[in-house]
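With the hints as extra help, turn the sequences into a complete structure.
Line order of the protein sequences matches chains A and B.
Take 1 as the starting number for the first sequence in the working numbering and just add one per residue.
Take 1001 as the starting number for the second sequence in the working numbering and just add one per residue.
Honestly, the hints are just simulated from the structure, not real lab data.
Glycine included, C-beta positions come from ideal geometry on N, C-alpha and C.
Fair warning: there could be bad hints in the mix.
Claimed, not checked - Covered stretches of chain A, as calculated for chain B (at least 3 residues, CB under 8 Å):
hint, region
1, 54-62
2, 71-78
3, 81-92
Said to hold, decoys possible - So, partial list: chain A residues that the calculated Cβ filter (under 7 Å) puts toward chain B:
hint, residue
4, I23
5, T27
6, L28
7, Q128
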Amino acid sequence: MQSQTRPSLDIYLSLLVLALVVIAQGTLFSRLRIFDVGPNLLLVTTVCWSLVQNMASGLVWGFAGGLGADLITGMPLGTSSLALMAPCLLAGFGRKTVFASNLVLPVLLVGLATPLHGWIVLLSQQAQGRSIAWLSTTAQVILPEMALNALLAVIIFPLLRGLALGIGITPLEK
Amino acid sequence: MKRVSNRTFLFFLLASISLVLLVLSSSGHLAPVEGQLGRVTKPFLVAFNGLGRQISNVFETVRSLSTLRTLNSQLQTQVDTLTIENLRLQEAEAENQRLRELLRFKQLNPIYDFSGGQIIARVLSQGSTNYLSTLTIDLGSGQGIKAGMPVVTERGLVGRIYKVGPDSATVLLITDPSSGVQALVERNRAVGVVNGRAGSLPVMDYIPQDADISVGDLVLTSGLGGTFPKSLVIGQVVEVNKRDFDMFQQAVVRPTVNFDRLEFVLVITNFQPLPGEPGELESVG
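Structure (structure tokens):
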């Protein structure tokens, strides 16, 4: 009986955390500006969750979280989902390394995921007909955001690992 | 045939859905759905936005503190600069006032025939010691200054030129023990000699016993002896010493000039002291 209720509890709790992250990103973190850019809590959480749990779970978080983020930010639905799911693939590959449980890996992966996420968003915007200054945006937005996200990962990764351990979620696959 | 893993399938499935949503959303077909979803999420966003605003205000306040501290520092520097500037202007105004008074004095004393005469000189140092009461001015022989020339301010007699250098001159004050000024009491024209005294006020000697001298009487130069021009204010009688057995009476005189606060003096250059007058006068030029 307990084994039947646990997964549904985990899902609800995960959804709640995800919803909180999405809303926090759209409201709190959007106000936090350092070097004229803000950290992306949703991206960091999605990548870290992919490492803590598994890639499939990260993909779901990226998809759902991306839809929520698009709803809040007013971007076309699907833009953030696409941009968030690609970094989850990176995280999935990272899980197979010996550094999977090390704090260096999430920081590194978040650092790599940030430009990937940013360029996908820029690409989707360009596909919609917007003029994009790739170089200046990369230099002035993506690079500073990389540093901020990497720093944020130092905080978020242990929290998510603690959450996963607390609610008894174990990686479904290695 | 290679089997596609679940997670790869999931990725492509979600990516496909995302792409479809992206296309539909970009073309505006999802606007009603987005509107409904937006309505659902609005209360949460409003609540979190309020919280975000408050947190942002906290950060803004912290950030403002740093800015305010910097601004305060800049303003403090500006205040310091303006204070110094203000003091400088006040000093200039005071200096201007003093020069005006000297000029007024010059205009009010036409009897001295000051034409081409008086020079406004800046006091360089006040060398008064217990033994010698002098001051130095920044005018010397180069500016036509000669030994014996009277030195005055708008308040009265200061002394006379004692030593003359090329660009400076020493003034022997009337308070110096070696100084003697022929004087008279303005009220009754009683004559005497005002002599300086070490460490105390000058005294007017040789006043005839029958002269009526009172405290408060004004003492002027008499012009006798040819050392100083006539009618320059020396000071006021503050004490009278009269003893029946003495031939003369004495009056202690408080100079009208405050020697401790002198900054500008006038040298009367067109007044020629009579030859043979004070032997201490010398030229070092």
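Outcome of the hint check:
1. With 6 residues carrying a beta carbon less than 8 Å from a beta carbon of chain B, the region 54-62 of chain A meets the three-residue requirement, and the given coverage holds.
2. For the region 71-78 of chain A, the assignment as covered by chain B holds, since 5 residues bring a beta-carbon within under 8 Å of that chain's beta-carbons and 3 suffice.
3. Under the rule that three or more residues need a Cβ within less than 8 Å of chain B, the assignment of the region 81-92 of chain A holds, with 6 such residues.
4. For I23(A), the interface hint holds, the least distance from its beta-carbon to any beta-carbon of chain B being 5 Å, beneath 7 Å.
5. Restraint check, T27(A) versus chain B: the minimum CB separation of about 4 Å is within 7 Å; hint holds.
6. At a threshold of 7 Å, the smallest CB-CB gap from L28(A) to chain B is about 4 Å, leaving the interface hint in force.
7. Hint on Q128(A) holds. Least Cβ distance to chain B is approximately 5 Å, under the 7 Å limit.
When the structure is compared with the earlier hints, no violation turns up for any of them.
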